[in-house]
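Based on the hints, put chains B, C and D in the right spot on chain A.
Protein chains in written order, with our numbering: chain A, 496 to 991; chain B, 496 to 991; chain C, 28 to 165; chain D, 28 to 165.
Restraint-style ranges between C-beta atoms, simulated for each label pair: (1) A:Gln553 <-> B:Ala827: 45 to 53 Å; (2) D:Ala159 <-> B:Ser937: 29 to 37 Å; (3) D:His148 <-> B:Ile558: 35 to 43 Å; (4) B:Glu591 <-> D:Ala159: 43 to 51 Å.
Calculated directly from the structure, the hints in this document are not laboratory data. By construction, the Cβ of each residue, glycine as well, lies at the ideal position given by its N, Cα and C atoms.
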Amino acid sequence: MIRRVLIANRGEIALRIIQACREMNIETIAVFSDADARAPHVLAADRAVAIGPAPAIQSYLSIPTLISAARAERADAVHPGYGFLSESAAFARACEQAGVVFVGPPSEVISRMGSKIEARQLMQSAGVPIVPGHVPHDQSDSGVRRALEEIGFPALVKASAGGGGKGMRVVEGIAEATGAVQAARREAVASFGDGTLYVERLLDRPRHVEVQVFADAFGHTTHLFERECSAQRRHQKVLEESPSPALTPALRQRMTQAAVAAARAAEYRNAGTIEFLVEGRGDGANFYFLEMNTRLQVEHAVTEAVVGVDLVRAQLLVASGEPLPWEEGSLAQRGHAIEARVYAEDPSREFLPQAGRLLLYREPRMPGVRVDAGVAEGHEVTVHYDPMLAKVIAVGETRDAAISRLAAALRAYPVLGIRTNIPYLLAVLDHSRFRSGDIDTSFLDREAGDLVHSVPEPPAFLREALRQLGDEADEPRTTTHEANTDPWLTLRDWRA
Amino acid sequence: MIRRVLIANRGEIALRIIQACREMNIETIAVFSDADARAPHVLAADRAVAIGPAPAIQSYLSIPTLISAARAERADAVHPGYGFLSESAAFARACEQAGVVFVGPPSEVISRMGSKIEARQLMQSAGVPIVPGHVPHDQSDSGVRRALEEIGFPALVKASAGGGGKGMRVVEGIAEATGAVQAARREAVASFGDGTLYVERLLDRPRHVEVQVFADAFGHTTHLFERECSAQRRHQKVLEESPSPALTPALRQRMTQAAVAAARAAEYRNAGTIEFLVEGRGDGANFYFLEMNTRLQVEHAVTEAVVGVDLVRAQLLVASGEPLPWEEGSLAQRGHAIEARVYAEDPSREFLPQAGRLLLYREPRMPGVRVDAGVAEGHEVTVHYDPMLAKVIAVGETRDAAISRLAAALRAYPVLGIRTNIPYLLAVLDHSRFRSGDIDTSFLDREAGDLVHSVPEPPAFLREALRQLGDEADEPRTTTHEANTDPWLTLRDWRA
Amino acid sequence: MTSAVRTTRIGAGTYLVEHDGRNETVYVAGPASDRWVFWNGQVFRGDFRPDTPLTAPAAGPKAGAHGSVTAIVAPMPARVGSVAVAIGSRVRKGDILIVLEAMKMELPIRAPGDGVVAAVHCEEGQLVQADAALMDLE
Amino acid sequence: MTSAVRTTRIGAGTYLVEHDGRNETVYVAGPASDRWVFWNGQVFRGDFRPDTPLTAPAAGPKAGAHGSVTAIVAPMPARVGSVAVAIGSRVRKGDILIVLEAMKMELPIRAPGDGVVAAVHCEEGQLVQADAALMDLE
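For reference, chain A alone in the conformation it holds in the complex (with noise of 0.2 Å):
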């Protein structure tokens, strides 16, 4: 069994491994960046480890510091968490290297998995149905048209050299087949000195649905169920919940099965996520193999919630050599949970990322509701790491109440001195089309961009009492709650 971990990661999932650990009896060491020294993590943890300066770069992305720190610390796993380099093939083939257990997959897992063209092959040869598309053999104008209409429209005819939406090009219909294929050429030809088209489906407002999966070095590979994260805003998500209101349950027994099936082809081992795009609605609905993340996901939560599970714990379990914690068909799902994403931005500023010191922090406290945070009151939130401040994770006995009790929590969440999506997200949980469950990935930027769109004035309460506030101040704060910027009043050092 593992019995101390140096998890390479910061914020909130360094806070949620720790928890884990501790409950399971397993030393923890946290790693810090300069900026990070007194960050939650780093007190949380048994010991800490610094491993350079602020930028990620130079710290928390750094391969050989973190090895070094896993070895004078005499670690026995290295838990990478999200981000950072838990997708990272060459970092998991460095902790093998340095006889360290890596919580995942193992590397080549990492590397097929992360390559979108064999991972694509894989899938397909294990059956699990990919977006259809091509390179047409005959590159001609009528030989591209001929693989769009065998495609069937609407398609997209884009450069095969490219990526990034240039030269791409929407095809609605046959009549202007032609004209695209030719405009797409010109382009592919202009930007990527290569004219080879590549023909893709394009699918109808789709949805983002994920499959948890799980496997152990046994043979059981498993699945958790879906996560539904279609509330994508510019392809971050903003709000995931589970079991997804589009899943009938044959086609939630079809995809979890896909889902399987594109574990046990991919050899995988660990806590995994295949994510699907689904388009169509009830039993017939088609899904896509988008992706394998070969990760713990933000979003693991939900599927806590939902499926009863502590994923992190089964996590360190397989990692330790042992089986999968559930028994066959044990797992099911229970009510309904839902995560918010509250990310350090301005919703009536363009979602501008805000940086500075949280002047007041407090979080909700009721039951069903879990915040996971990596922030304190008086702390600083810089611009160096990812903006999310927490994920607030509410469950419910219905969609309705655990959105209710979201709402709820949201509402009870003050955070000042920056801007946060908090009302954002309000309006988004307010929106009808968001409570009729009936939404693809475009809903947010097509439909709720605009919700905050102004700053809302105070009632005339509110407004009173402002002015009855007048200049009082309340300002103790930053000195009573700490600041991980300022000055520490660190005690004499004492030796014997």
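Relative to chain A, chains B, C and D alone:
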């Protein structure tokens, strides 16, 4: 649907009810005694009404005052919480007469189940087992001895008129029967002027296991499984959990069916609890009706965690005339939950209740842990009310995981300024008998009474750290955090 | 009709506001000239003292007008990702002038109005503090 | 072997104590002469300053000895439920002298040693404050 609830309670349970109401868009009216003018439940409610001086008998127990408050505030319902007037048939009747919904069973059900004799007869007629016992017709020495033999040894013989152990004798076997009967009769005559004797089976190390029941007005009566509450100190519950480590599936089946039969026989409505004593182990164990609690229990959160329900929400729905919110047969236990009651008492001084100011009070915050509390840092814990400060509920995939999590939470729960039973709770959680689950109602009094008999010495590093602190004071605490008895900074009124 | 508002401090930065028989909890931080206020999920910011006209928080990138010159300043500490225009460039309102990078995201800084780039005070890769002058528009 | 203890304030009443490569969080409240300290689920109380001999917290009901007279005082605010002995009664160590009632519970006050009741300062039903003199033993 109920729109406006007056909460005839204080502390953590008032906050719990306010939270449920908020999520259901029900307005809340708190009541408060002079000692509670700025208590957390007052601040959290939408409105608040003063109901009298600190002693409960003049405030939280004053039926006329509460009824006037409900009328003045145009409340359409009253939630009594637990304790105080929650099992007062007179209060329920006063609500009924005032045309205000009492969130609980009808007053006649409360009075029926509140009478031990009536409840016992009702259970007997419903086929629910009760502890065997009766007043022998033949009160001669030999008649009572015969009755004891019929009941089986060990048995109890006691004054029929009495209570509280006076005139009670344990009879281990037939040899000592005559002497015990004569001694008991002498004491009965001396104490009560009535020598009539009652004989009863003496249960061998019974466990306390209770079943949560719920009934609506449409003839649905269901159970929500059991709670194991054998960890009691002087009849005060200390730790509660579900599932019970002692129940086999067959025994659980028999007990939950008996509980539903009991609730049906009582013509029960809303949430209630059937308490049983369980004797023996395994499928063949015997269980006996102890009493019915016609209200929400302190430990309801254990059931909420394991069964995945919101009992207060269900109470409000059923009180509004809605059916039970659960599908027939859809309820099941999942994982394990355990609750610790944190009391203001000094385990090293015979559990002397403590009153005073909470100089420092920080609640643990971790996944899978719920803290329901009614106090805050800087507040005064007074002598007027129950010494329970908070409940900490931990949920885990297994009993061991839940216990480890609860211990981790208690080890991160600093309460300074008054002593609490936290060190005692930790010692009990660490006790091998408790860990094995093999305890009965006398376990804590018999074996765990002296777990915290002395105050521990600080370890060397801590002693040194405190030496370094020297005279440093960190006292702005009581000014930045409020004290409910401090002079209040009240700003000028404003009239428009 | 008479209505009263009563404001009572109940903790660090925490106030109970009683009005029309209702209790509201309000959180306040920052100096009187720049209050941050939280109530019911909404955040308000400004100077709410009796004699101060209400100030709406600035919207969009801060642009300080000096005579006919508008200073484009960094809204937050960031790295300059790219400078899209040069001295003398004509720009239209909404055109991207500079792309800053912070917290793994790109922040396009757009022209607050039509004009000509009079000066560029930053270069690609440079780290800039909040309110640092990036560019002048005329 | 060398070992260092480093104590850093990290918040109101909250200290990080680093020792032997480990981090511990310790909570401290109260004046230096009567510290309340929490670490890892345990509470310590006393005067921990360098030159002060360690004081063990008083155990049992506080009894202040004045010459040969021992004052029996109330350990907390309470209601006097019953007085079990009268002036002149001989009592043995552990005998119940008074039963106080607070927080719905009974608190028996026991004799700290053998003696004779010299004075009774309270009566049944009376409300007493913490440290109020209840009785004198000789």
